[in-house]
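From first to last, the protein sequence lines stand for chains A and B. Heads up, the first sequence is in the numbering used here, so the first residue is 1 and it goes up one at a time. Heads up, the second sequence is in the numbering used here, so the first residue is 1 and it goes up one at a time.
Calculated directly from the structure, the hints in this document are not laboratory data. Please read all numbers here as calculations on a predicted model, not as lab measurements. Note that the Cβ used here is the ideal one computed from N, Cα and C, for glycine as well. Warning: the hint list may mix true and false statements.
Unchecked claim - The calculated DSS-like cross-link candidates involving lysine-lysine, where the alpha carbons are at most 30 Å apart (straight line), are:
| no. | chain 1 | residue 1 | chain 2 | residue 2 |
| --- | --- | --- | --- | --- |
| 1 | A | Lys339 | A | Lys597 |
| 2 | A | Lys605 | B | Lys157 |
| 3 | B | Lys290 | B | Lys121 |
| 4 | A | Lys183 | B | Lys265 |
| 5 | B | Lys200 | A | Lys132 |
| 6 | B | Lys265 | A | Lys200 |
Claimed, not checked - Partial list, computed: chain B residues near chain A (C-beta under 7 Å):
| no. | residue |
| --- | --- |
| 7 | Pro138 |
| 8 | Thr141 |
| 9 | Asn145 |
| 10 | Pro147 |
| 11 | Val167 |
| 12 | Arg174 |
| 13 | Ile176 |
| 14 | Pro177 |
| 15 | Val179 |
| 16 | Glu182 |
| 17 | Tyr326 |
| 18 | Val327 |
| 19 | Thr331 |
| 20 | Thr336 |
Protein chains: 2
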Amino acid sequence: MPDHKIVFLPHETEIAVPDGETIIHAAMEAGVHVSASCGGEGVCGKCRVRVEEGTVEGGITEKLSQEDQDKGFRLACQAHAKSDLIIRIPVESAMDASALRRQMTPRKTSHIREMNFDELKEKGLFVPPVEKKFLQLPEPTLQDNLPDITRMISYLKAQHDEHRLDVALSSVIRKIPDVIREKDFEVTATLVRPVRDVGKTRLINVQPGDTTSRSYAIAMDIGTTTIYGQVIELISGDVLAEYGDFNGQISYGEDVISRIVYAEKPGGLQRLHEVVMGTINNVLDKIIKKSGIDHEDLSTITLAGNTTMTQLMLKINPRFIRRSPYVPAATLYPPTRAKDLGMAVGDHVSALVYPAVSSYVGGDIVAGVMGSGIYLTEKLTLYLDVGTNAEIVIGNQDWLACAACSAGPAFEGGGLKYGMRAEKGAIEDFSIDPLTYEPMLITIGNVRPKGICGSGLISMVATLFEMGIIDNLGKFSRDLDTERIRQADGIYEYVLAWKDETQIDRDVTLTEIDIENLIRAKGAIYSGCMTLLTEVGMSIQDIEHIILAGGFGSYVDLEKAMVIGLLPEMDPDKVTFIGNGSLMGARMSSLTNRIRKDVVEVTKKMTNFELSDTASYMDNYIAALFLPHTDINQFPKLKARLEARMKNKKMNRI
Amino acid sequence: MPDHKIVFLPHETEIAVPDGETIIHAAMEAGVHVSASCGGEGVCGKCRVRVEEGTVEGGITEKLSQEDQDKGFRLACQAHAKSDLIIRIPVESAMDASALRRQMTPRKTSHIREMNFDELKEKGLFVPPVEKKFLQLPEPTLQDNLPDITRMISYLKAQHDEHRLDVALSSVIRKIPDVIREKDFEVTATLVRPVRDVGKTRLINVQPGDTTSRSYAIAMDIGTTTIYGQVIELISGDVLAEYGDFNGQISYGEDVISRIVYAEKPGGLQRLHEVVMGTINNVLDKIIKKSGIDHEDLSTITLAGNTTMTQLMLKINPRFIRRSPYVPAATLYPPTRAKDLGMAVGDHVSALVYPAVSSYVGGDIVAGVMGSGIYLTEKLTLYLDVGTNAEIVIGNQDWLACAACSAGPAFEGGGLKYGMRAEKGAIEDFSIDPLTYEPMLITIGNVRPKGICGSGLISMVATLFEMGIIDNLGKFSRDLDTERIRQADGIYEYVLAWKDETQIDRDVTLTEIDIENLIRAKGAIYSGCMTLLTEVGMSIQDIEHIILAGGFGSYVDLEKAMVIGLLPEMDPDKVTFIGNGSLMGARMSSLTNRIRKDVVEVTKKMTNFELSDTASYMDNYIAALFLPHTDINQFPKLKARLEARMKNKKMNRI
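Hey, can you work out the whole structure from these sequences and the hints?
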């Protein structure tokens, strides 16, 4: 996809965008404010911009007069870049452009990075977990009437140097008499390698003819909300198909605690187990069909999930996970026949479940640690998976400390007056005109706003704070000249979109309570990091690299997250996003036994801290209940910008 | 039970019998002929004997006149020994007593011998297969909130030096959260030891409190006809309960071939599998209830059966077992969860199936070899399990050769004109008056005869042959003065009991065809032994010990079996009967891992000969189709007796 260069005037801000990008998205990325309150649907008509050079497609609507159209005006939310462009933003304010530029920082999301198959091979981490061997066996005679299995094993030994095999009853011994004779004693044996050298190779399947070119595994992430699965080609490492579906358990409670409560009811555990298996089987069915693979060629399913999801999937009573002292039944789970767990796959398929560290640092996090390779790096790394619960891992190849904290649902758009999930109509990006206080909103799907999602909330609070519209406690300035800031039921709020601009026939607002929720949520996470660092005798400045996992990490504006004090301040280039870390780790484990071997050591190495039982946590938490933090010196760049703004403000007043 | 000494006059034959033994049984044991044709029911009244000294109970019936009663006459089949006795047999013949004595040899059945628990320990063969460990664990706190399993394992390690445990999901991890808290963190762990040193101990169960004193296993013999089970106390080695039931598969065919034929029909394999599981579960239920053990305290079920029974039980297509070149699917079977096979026991119980050698030398024979300890002895031993199929093992600690041959059903009373199983009414013992040719019959249950069972057949043929009533081809003398030998439908036969003395309202006879069947059956077995010996370069005289297994071995008269040439001639004291060798081996394997470890090596050592493919077999077989054999020199004692009889006969004529 060819890139186009867009220069926004009068600020001369430049940005490269892919072909077809809307001008409003480009402006938001570039940190250029364009008033827009309909989320990008084109109905408010506020986002007029003038195309001075180059070609755009679309952006002409009844909101623009013929005269304006002739002059090159377009609606930024409807106009798509088709060449390099020079775009002028009508500046209705007299504000100094340099000040404006200082206030707005370009949007920086983290770049994606994951270990891939070639890298595994390069680094010497590739230890094949499954191998297929083709055999041409001699036909038995009265002089040579070895049992079918013995015949096969003796040739595996002679021709492929395979020793000490464990043989599966149902998928090998029961099948072999017919399979071995189907193609004149030509068969393919599927061998699953032991994780440890002392273990035995398992002969799990036998197929007629030569099937060595077909070898697949499945990786799954068993999330509280969503279950993802991928079919992986074991020879190339390629993902052949992927699918995600809502975890059917959602109807029994949105979070892990309510699932545990349900599981404690009579029949509850069985029910939740069946329901999650229902979703798992749906995902399996979809990806197997999509990839067109044969069930017989599938060998392993690697699953990662948090400790509660794992126990429910394995039908282990999770009752004590939610009660102090938070004891899980187990953190290592034996390999199990997938069919025995209720998965609709062949008898020969093993289910391999990612080990956990504790009740609240589960296999999903361990998978992320393995998949992202933190446990192999020298750099001190912060691994953060943010959701309703946030899990924090800090460490490197030498040590790893971890903790979980309850961030509450704010990052998922929960608990807000107009909060919503990151779905169509959610305001996900925001800027504000420093003089008029008019907003610029971009919604998911470019439709009229319905509410605020997590990334939108961060963007709003960061922007409002940096522009001085809210203070470091998250309170609105009481004396600004705008009707957008008002009191409703005694609570101050900012009107993001007026009733007639929304889909919900009500004003969509951001309240001080919403902001407080966000501050508590980010405070919990930041203080969790601080506490782990304190416990190991280090400070936040020692962190050299941040890895974000989870859906949250994909769209959060890093600079904004640093402004509110959710992430420690650092060069955004040192922040990596790995997407679904759980799924990635499961995929990596499917590809090489080295990860499965290492993981046991890694989980032993991961020191778990129960924050509620760690003395320094409460102090750190209280200190973090400010924007960005009580100790502004932890955020030196922000401090400099705020000081510059104050100076500028004073100058403007003078 | 006190023994009584009985002296039979006029022959002065002495025998010791248990209190209450009937006089007719005592006479049969002593080799003293008393005419009796009602099988011991007391209706023919022929078995009059006179009690000259001592006390008997019973034996007075209307068949005896008051005068006879007063003289001390009693019916031998109704009179029970209550003290030492002197009994006079009314000799209606003028025959020389010494000749009579020479003709009749005392009945010798083999003595019982099996390895027991103490012997295992003495011989250093005791390697505990299952151990229970009691643990008092500290209650978790926030500072010590290890997963439940990890807590238990760390204490198993610290207090019991247990390392590298494999943990079961369904029977340990799923249970532990509740079990560990049921008795304040006091638990008992059940550990199943690996057979090989490199293997891992499996933690298969966890129970609240201290259950270390309760540890049980089950041994089962899966026979074509009957399924036996035993509950074994693993601490003492005692058998707590035992039960046998007909294999439900009987309705699908009496022998393995007809079962295989049925299994090849659509749904047949599944059906036979379910049916045998039905019987197994019935036996399990009976013995578990009878012994009063708790399912939770049961750890393993060891099963032994022939190759076809094993494949049907494991649901492995047996199709190729009955087709040349007779290839079984497998001869080693992996340990399997008993429940997965369909057994109604706890999740934690393992099913351990005895390995086989070939399609017709199965796990039942291997179990007998292990249980009887042939594989540990220096003496060259012949192990013989006789049924419809006879399995032969010859060897010692250095080598073992084995083969199976089809003996036909004669030994089980099948294929005879009046053949029957060894059930009530079957003639099981027989002698004949050398002058009158009147028979002495003893039936199972001492009732009027219904037919002939295997041991009765052997007894009859041996007696008739040794008395010269049949020749070495099994043909009756055509010129004897008795109406008991006659032709019916052109076939010569001997009338064992007249119509009105039987239960079936027909004469019960022994025909020349019946005798031919027996000769073919014994010929197949004897020539099988000969062939194995020939192949390893030895002769029948090298055999130092015979072990008989199977129901057959318990009642066969050893001297008679040597007379017909079924067994090689040797001192009956060197013949050992081990009963159900299959069940015994299964029990031994339940008690010590040493047997389970050795068995794999033993099966490798057992060289299987396909007799149909062994050149010398047909020659050996044809040579064995005589009484006792073409080469009478292989039976020197019999030869001497026959020569003495001939001489005696000639003298009588003179």
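Hint-by-hint comparison with the structure:
1. A:Lys339 to A:Lys597: holds (24 Å)
2. A:Lys605 to B:Lys157: Status holds; Cα separation ~19 Å.
3. B:Lys290 to B:Lys121: Cα-Cα ~28 Å, so holds.
4. A:Lys183 to B:Lys265: Measuring from Cα to Cα gives roughly 22 Å; hence the hint holds.
5. B:Lys200 to A:Lys132: holds (26 Å)
6. B:Lys265 to A:Lys200: violated (37 Å)
7. Pro138: Result: violated, 12 Å to nearest chain A Cβ.
8. Thr141: holds (5 Å)
9. Asn145: Hint holds; asparagine 145 of chain B Cβ to chain A Cβ min 4 Å, cut 7 Å.
10. Pro147: holds (5 Å)
11. Val167: Holds - the Cβ of valine 167 of chain B comes within 7 Å of chain A, reaching about 6 Å at its closest.
12. Arg174: holds (5 Å)
13. Ile176: Hint holds; isoleucine 176 of chain B Cβ to chain A Cβ min 5 Å, cut 7 Å.
14. Pro177: holds (5 Å)
15. Val179: Where the cut-off is 7 Å and the nearest Cβ of chain A is about 10 Å from valine 179 of chain B, the hint is violated.
16. Glu182: violated (13 Å)
17. Tyr326: holds (6 Å)
18. Val327: holds (5 Å)
19. Thr331: Because about 5 Å separates threonine 331 of chain B from the closest Cβ in chain A, which is inside the 7 Å limit, the hint holds.
20. Thr336: It holds, given that the least Cβ distance between threonine 336 of chain B and chain A is near 5 Å, below 7 Å.
In this structure, the earlier hints numbered 6, 7, 15, 16 are contradicted, and the remaining ones agree with it.
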